[in-house]
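Undergrad: Below are the chains, spelled out letter by letter.
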Amino acid sequence: KNEVEQSPQNLTAQEGEFITINCSYSVGISALHWLQQHPGGGIVSLFMLSSGKKKHGRLIATINIQEKHSSLHITASHPRDSAVYICAGLIQGAQKLVFGQGTRLTINP
Amino acid sequence: DTAVSQTPKYLVTQMGNDKSIKCEQNLGHDTMYWYKQDSKKFLKIMFSYNNKELIINETVPNRFSPKSPDKAHLNLHINSLELGDSAVYFCASSIGRGRAFFGQGTRLTVV
Chain A
1 KNEVEQSPQN LTAQEGEFIT INCSYSVGIS ALHWLQQHPG GGIVSLFMLS SGKKKHGRLI
61 ATINIQEKHS SLHITASHPR DSAVYICAGL IQGAQKLVFG QGTRLTINP
Chain B
1001 DTAVSQTPKY LVTQMGNDKS IKCEQNLGHD TMYWYKQDSK KFLKIMFSYN NKELIINETV
1061 PNRFSPKSPD KAHLNLHINS LELGDSAVYF CASSIGRGRA FFGQGTRLTV V
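Residue numbers (my numbering), protein chains in the order written: chain A, 1 to 109; chain B, 1001 to 1111.
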């Protein structure tokens, strides 16, 4: 079993829908990253958070350290949001990220 | 200007060859990383360097040798390439344990 698990693995939705991607982890982490990987392959860091909630445009990330759970929400989803979303935990005391397997999101017009 | 740049973007080579992938960051970060993304798109850390010092080597074969000539560069040299080395390799950088910025990836294909 992975130290970082994401759900769902694949998600297809219609434009405009509210999207939630979940991330659970079983190791001690000091922070959690949400990354976006587009079909072209490049990786973009969306958020890094260690508590509470962060918002950037239509994207919202939350984390509950006690429950070892984080969520990424997309409001008013758009086809250009189609990508693979990856959560990664920064291991406590170590300078390394442990990655979830990714969630492939497809937004249809 | 590209913040974290890797070259080449694509690399096709024969088994047994030696090849290098270069990475440079112009963000003034002190920590750089190499990650490998396998055919199932799963990312795993390979190496982490802080101020040119190796701090993580995640059980990577000795055929892989990172070199950090300065804080802005972390190159990856691979000896005696094997078919299983085919993957996408990502370089990244950060300030300490802060938010990581990724390069565009290098797709290595060993034939």
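In case anyone wonders, no lab produced these hints; they're calculated from the structure.
Here the structure is a predicted model, which means the values were calculated and not measured.
Just so it is clear, CB atoms sit at the ideal spot from N, CA and C, and this is done for glycine as well.
Misleading hints may appear alongside valid ones.
To be verified - Only pairs whose alpha carbons sit at most 25 Å apart, straight line, appear in this in silico DSS-like list of lysine-lysine:
| no. | chain 1 | residue 1 | chain 2 | residue 2 |
| --- | --- | --- | --- | --- |
| 1 | B | Lys1052 | A | Lys68 |
| 2 | B | Lys1044 | A | Lys96 |
| 3 | B | Lys1009 | B | Lys1022 |
| 4 | A | Lys96 | B | Lys1052 |
| 5 | A | Lys55 | B | Lys1067 |
| 6 | B | Lys1067 | B | Lys1009 |
| 7 | B | Lys1022 | A | Lys68 |
| 8 | B | Lys1071 | B | Lys1040 |
| 9 | B | Lys1019 | B | Lys1036 |
| 10 | B | Lys1040 | A | Lys96 |
| 11 | A | Lys68 | B | Lys1019 |
| 12 | B | Lys1041 | A | Lys96 |
| 13 | B | Lys1071 | B | Lys1041 |
Unchecked claim - Interface residues of chain A toward chain B, partial, derived using beta-carbon atoms under 7 Å:
| no. | residue |
| --- | --- |
| 14 | Gly16 |
| 15 | Ser24 |
| 16 | Met48 |
| 17 | Gly57 |
| 18 | Gln101 |
Undergrad: Next step is simple, just say for each hint if it's right about the structure.
TA: Okay, the hints, checked on the actual structure:
no.	hint	verdict
1	B/Lys1052 / A/Lys68	33 Å, violated
2	B/Lys1044 / A/Lys96	9 Å, holds
3	B/Lys1009 / B/Lys1022	10 Å, holds
4	A/Lys96 / B/Lys1052	16 Å, holds
5	A/Lys55 / B/Lys1067	37 Å, violated
6	B/Lys1067 / B/Lys1009	19 Å, holds
7	B/Lys1022 / A/Lys68	36 Å, violated
8	B/Lys1071 / B/Lys1040	31 Å, violated
9	B/Lys1019 / B/Lys1036	16 Å, holds
10	B/Lys1040 / A/Lys96	20 Å, holds
11	A/Lys68 / B/Lys1019	40 Å, violated
12	B/Lys1041 / A/Lys96	18 Å, holds
13	B/Lys1071 / B/Lys1041	28 Å, violated
14	Gly16	27 Å, violated
15	Ser24	17 Å, violated
16	Met48	4 Å, holds
17	Gly57	17 Å, violated
18	Gln101	6 Å, holds
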